Amino acid sequence: NAGVTQTPKFQVLKTGQSMTLQCAQDMNHEYMSWYRQDPGMGLRLIHYSVGAGITDQGEVPNGYNVSRSTTEDFPLRLLSAAPSQTSVYFCASLAAGADTQYFGPGTRLTVL
Amino acid sequence: GENVEQHPSTLSVQEGDSAVIKCTYSDSASNYFPWYKQELGKRPQLIIDIRSNVGEKKDQRIAVTLNKTAKHFSLHITETQPEDSAVYFCAASSSGTYKYIFGTGTRLKVLA
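Chains as they are written, first to last, in the numbering used here: chain A, 1 to 112; chain B, 1 to 112.
So here's chain B without its partners, still in its complex pose:
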């Protein structure tokens, strides 16, 4: 069945360093790839997304890259700050199906 694999499951970085989280999807029909941030006890919040007609997208310190051929996409956070500490989820979806398949999450800890 459709599957999204996410790595690593935990990631610790020093404040100011970069963090990279990687996801691989199985369904070649997937064309929308959002990233969600979830703080402890809160709901998932969309932080950035990318569609399959784009290879990279940036929003300040956050960027996402997509390799359709290899079926993988990555989240890059530069100049990490303690408030970036959270669980991050990737997901894949096909437009019009309204079904998201989520990765299992990455717990990011930014050490001050």
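For reference, chain A alone in the conformation it holds in the complex:
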């Protein structure tokens, strides 16, 4: 089991560019989520999904889109990057009926 994987590890974008952060898990977990981590602010939930075809907004969804076409994949799209989106992004997954959430290794994004 690879667990939760994320690509890329690092990314630099210019303001206005778009990109997709990839997240995949091979544990057949129903629940997946995206967090951003900023200094002094902990982990804030961006979007989450309780299964294929179902997504919902978290605390800080503006500027981000998600889709969940398969159980394994949960990509996060930035349509027009802004400097305020400079952050470390973590994907996580959780099995239905369980409580323990597993995190991916993170993507460090810098928007210039």
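To be clear, the hints were calculated from the coordinates, so they are not data collected in a lab. Zero decoy hints are in this set.
Calculated Cβ distances over 10 Å to all of chain B for the following chain A residues: (1) Q11; (2) S18; (3) T20; (4) N28; (5) G53; (6) V60; (7) N65; (8) R77; (9) S84; (10) Q85; (11) L109.
Computed footprint of chain A on chain B, listed as stretches where at least three residues anywhere in the stretch have a Cβ under 8 Å from a Cβ of chain A: (12) 44-57; (13) 92-99; (14) 102-111.
The calculated DSBU-like cross-link candidates involving lysine-lysine, where the alpha carbons are at most 30 Å apart (straight line), are: (15) K68/B x K57/B; (16) K37/B x K9/A; (17) K9/A x K109/B.
All values reported here derive from a predicted model rather than from experimental measurement. Glycine is no exception: its CB is placed at the ideal position from the N, C-alpha and C atoms.
Dock chain B against the given chain A, drawing on the hints supplied.
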């Protein structure tokens, strides 16, 4: 809205001393309280958790206590070692909602 407050934001202790980190939650429906440890540049890793039907849980040098009436829970690390130096996050969740609310983190430094 739902909120988790975590204190202190930084904590320095001498090697061998104890460290205590405290969290308070607002949502009375919360019934699952995990603690994560995050080393520099790494993903958050679950170190211990507690459910609302239990008041205390121990795992070697780590313990967590929960006071449901006061809505607060604490992480206790005894006989601290330099490798305990990291950022620690508390979180609160309600079973079945799959939504975690994280505290803002505590940077623990264990001085040799």
